[in-house]
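Peer 1: Take the sequences, apply the hints, and build the full model.
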Amino acid sequence: MAKKSTVRSENGKVRRVIVVGGGLAGLMTVIKLCEAGVPVDLFSLVPVKRSHSVCAQGGINASVNTKGEGDSPRVHLEETVYGGDFLANQAPVKGMADAAPGIVHMLDRMGVPFNRTPEGLLDFRRFGGTLFHRTAFAGATTGQQLLYALDEQVRRYETENVEDEKGIVIKGEKMVRKFEFWDFLSLVQDENGRAVGIVAQDLKTMDIEAFPGEAVCLATGGPGIVFGKSTNSVINTGTAAAAVYQQGACYANGEFIQIHPTAIPGADKLRLISESARGEGGRVWVPKDPKESRRGKDVPEKDRDYFLEAKYPGYGNLVPRDIAARELFLKCFHDGKGVYNAKSGKNELEVYLDLTHIGEETLRRKLAGILEIYEKFVGEDPYHNPMRVFPAVHYSMGGLWVDFERRESDGGVVRGSARNQATNIEGLYAAGEVDYQYHGANRLGANSLLSCIYAGMEAGPAMATYIQTLNKSSNDLSSSLFEKAEKREKSNYNALLKMDGKENAYQLHDEMALLMLRDCTIERHNDTLDKVIEKIDEIQDRFKNVGVTDTGARANQGAQFLRHFKNMTTIARVIATGARNRDESRGAHYKPAFKTRDDENWQRSTLAFHAEQGNGRSEVKFVREFDYTVAATSFHATDKVDISLVAPRARKYETAGAASAAATGNLEDKKKDAQAHA
Amino acid sequence: MGSKTVRLKVLRQDHPSKPETKRWEEFDVPWEPQMNVISALMAVRKNPVTVEGKKTTPVVWESVCLEEVCGACTMIVNGRVRQSCTALIDQISPNGEEVTLEPMTKFPLVRDLVVDRQQMFDNLKTVKAWIQLDGTHELGPAPRQAPENQEEAYPLSRCMTCGCCMEACPQINEGSDFIGPAAISQVRLFNLHPSGKMHAAERLEAVMGEGGVADCGKAQNCVEVCPKEIPLVDSIAQVSRAATKHMLFGWLLK
Ligand SMILES: Cc1cc2nc3c(=O)[nH]c(=O)nc-3n(C[C@H](O)[C@H](O)[C@H](O)COP(=O)(O)OP(=O)(O)OC[C@H]3O[C@@H](n4cnc5c(N)ncnc54)[C@H](O)[C@@H]3O)c2cc1C
Ligand code: SF4
Ligand code: SF4
Ligand code: FES
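If you read the sequences in order, they're chains A and B. Just so it is clear: in the first sequence, position 372 is 372 by the numbering used here, and no numbers are missing. Just so it is clear: in the second sequence, position 28 is 1028 by the numbering used here, and no numbers are missing.
I should point out that these hints are in silico values taken from the structure, not numbers from a laboratory. Given the structure is predicted, the values throughout are model-derived calculations rather than measurements. Glycine residues also receive a C-beta, built at the ideal position from the N, C-alpha and C atoms. One or more hints might be untrue.
[What the hints assert, rightly or not] Some but not every residue of chain B turned toward chain A, in silico, with C-beta under 7 Å:
| no. | residue |
| --- | --- |
| 1 | Gln1013 |
| 2 | Lys1054 |
| 3 | Thr1056 |
| 4 | Pro1058 |
| 5 | Cys1065 |
| 6 | Glu1067 |
| 7 | Lys1106 |
| 8 | Val1110 |
| 9 | Arg1111 |
| 10 | Thr1126 |
| 11 | Ala1142 |
| 12 | Pro1147 |
| 13 | Ala1153 |
| 14 | His1193 |
| 15 | Lys1197 |
[Stated by the list, open to error] Chain B is nowhere near these chain A residues, computed Cβ spacing over 12 Å in every case:
| no. | residue |
| --- | --- |
| 16 | Thr141 |
| 17 | Lys288 |
| 18 | Asp519 |
| 19 | Ala650 |
Peer 2: This is the structure we're talking about:
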């Protein structure tokens, strides 16, 4: 009888699921697990309230259609897969688009202070790749507000008791136990490779410990720091994903890295100026005269080149990010028409992003959060001066491969299937930016917060289903499994502490990042990519000669960085090799030598597995298909993309409504309507 | 060019139980445009050698977002508690003055510039800073809210648990168990929300006893240092009034 208990294992201990990462995806997973009565151990590098999700500014998409524009989940689905250049599996995207209005209402119920209309309804703004007002927002710190709402609910579960099947409180056990300031090191796997727990390190005491878990979910976010400076938080090294990749997890579509068109340069970080600036009417331009010496605000209208509006009359400044970033790069880098700097006599890699035509009061109400950042870091008033911006690495569409179970009735996803968000390592799930599932070759703005929360809503129930199929709790497995894993990680760590070579890991990181940034972002050429890969070989060789900068026994960030950096080099290789292989242009992946999308050969996901070259260098093995197991059943996975709902066609943002057939008609009607009333 | 440097003077300590390791160390790092305290510390990390030429360990600090929304990087910069990521070198040291960095003093030290602010998160449990949600399943739209309500709530909701207000508040010290302004302001925030209101009494009761809102000495130091300009004194006054009312008449309304 005890065997059937879902709450306690045979040895009487509470059965817990492990969630690593407390951004939006991780927290949502935790909440769903708790609602299913499953206790959780939550691990995070930082207090979860400080997770990278706080940075998100612009908003979250949901076709609530309060503006009477005829928006619907169907249009949201179509525009998302079109924006992603038909590389995303459509069933999960449909699931996400259908769930979106409910998600935004849920967040509203949780107390997110979304901006309101005069009637007290949710207000929505525009974002890239759509003509609809689909983005709900809380000022310009939406991610922070969403994260706080989920964080509060999880904190509530930290105070709630675990109950057994009969509803009797188990003393001293809370639904959520948090392990903050802990670094995930690796999975504990049983003899069949199944994930049965994790090994993690306390970042204060540096103690390393193994934890059993009925299942494990990684919600550890993106790998932006591989590129050195990006719009990402400094903790986004992708280390956790890299660790499980090296333990056999498949990494998919790694080469698809989103470059955001509008960021501000900085010594430590490239701070984002959210797409919402353009959503609220911001315009991008450069002076027509490349030697224009007047300040931005003094350049009259007739001397300005609004190049996005000119080339893409349909979507204008709100073309998707891959396109906008490329156009900016073209203007500045190839045409040399970036903003002229009289002091240096150079055209900087900068364009103007202009909000000055919009009233200050409106800007304060809707965009204060981001304009504050510009003001603080550039020291210029963006209410009266056009901002100067340039593209920066922003988001990873690729990530850990995860499965889904397609619902045959409507092409969506079967809620609660143990396959949803499951990686190819049995018992390991992934959700959020760390998974590859929702955005294909290019993510639309404000779809990420949505995909993170939605993925959590799928991962939680999937894991709850999965653990019911287990006939043995991880708590009841041989303790030697955990001891061995713990010992392995302790000796890895001790080896790091003993590294006393001449190389400095921070400098190696700079070197690698510089190349990744220059040659593996907006434009990619096979010959330079070959050099990038050679460089990664070299960096991995030189890594053997790094010296640890700190051997202290407390809060040793130096040793921790060595580990993260080593892991970053394996992810860098996945990205660069994936880019080298894919001889076509699709979404964020652009090769001037292969200018068009090649559906015949490349309408497929890149599936990467880790291998070793044997000399400390990593190797990437690409496959077209593999088998994997979940809940004791084997499934066959291939690189084929699910395109059953929206047929692939070429992307043409020059024309309004191109992203969704349904959108054109309605908008035309609306326009006529408006004219009739004018 | 190239020769301009920035001098950092950092108060360090290896371990809370090793007060003998408490020391000041000074570093010179090359000046860069748009440099902030974090990028200066990053430069130290690449070459952890003091001005006396002594090799040392890299300084340990906390940071995440680098744009003043996560609250992680709070420390005392030139004697004033603030986020170090928005502390631009050109502004805090316009003429090349030395920049001093110290950890906050009102929280247990971890190492160097890192302290443990767990107490602040625990305070949020005490005041039940959440909406008592029935569940995350679809229940249709939330109650409507006037834009004015949102405009009052939003600034309060931007509190990033950074600890500046706690550091500045004279009522918070080793001998006191004052909960502090940040958590009190959260009581106001949640008692403002249409469904949060339903549990207003519980939150008020949490700040009515010892260490509660009555312990505030109204020194107003908190408002002055709050990076998000949260109207903490207003919040304290409002919560204090509501608590008094609840104490006098609460049982009548039950
Ligand atoms: C500046 C900026 C603005 C953005 N604006 C928007 C927007 O307006 N709309 C939108 O939709 N998207 C936006 N995005 C994208 C979006 O914010 C992110 O994709 C999303 O927040 C990722 O959430 P997540 O839950 O997957 O991971 P994160 O929020 O990154 O959380 C990762 C978690 O994992 C933990 N973790 C990581 N590694 C480890 C480890 N080794 N051990 C233990 N824990 C670990 C971290 O501590 C953290 O808790 C923006 C991104 C940036 C950079
Ligand atoms: S007003 Fe109250 S809470 Fe604020 S600093 Fe003064 S004593 Fe502390
Ligand atoms: S109230 Fe202000 S100072 Fe205090 S923790 Fe919140 S943001 Fe920081
Ligand atoms: S690093 Fe987030 S506030 Fe400074």
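Peer 1: Hints numbered earlier in the text: which of these fail when held up against the supplied structure?
Peer 2: 1, 2, 3, 7, 10, 15 and 16
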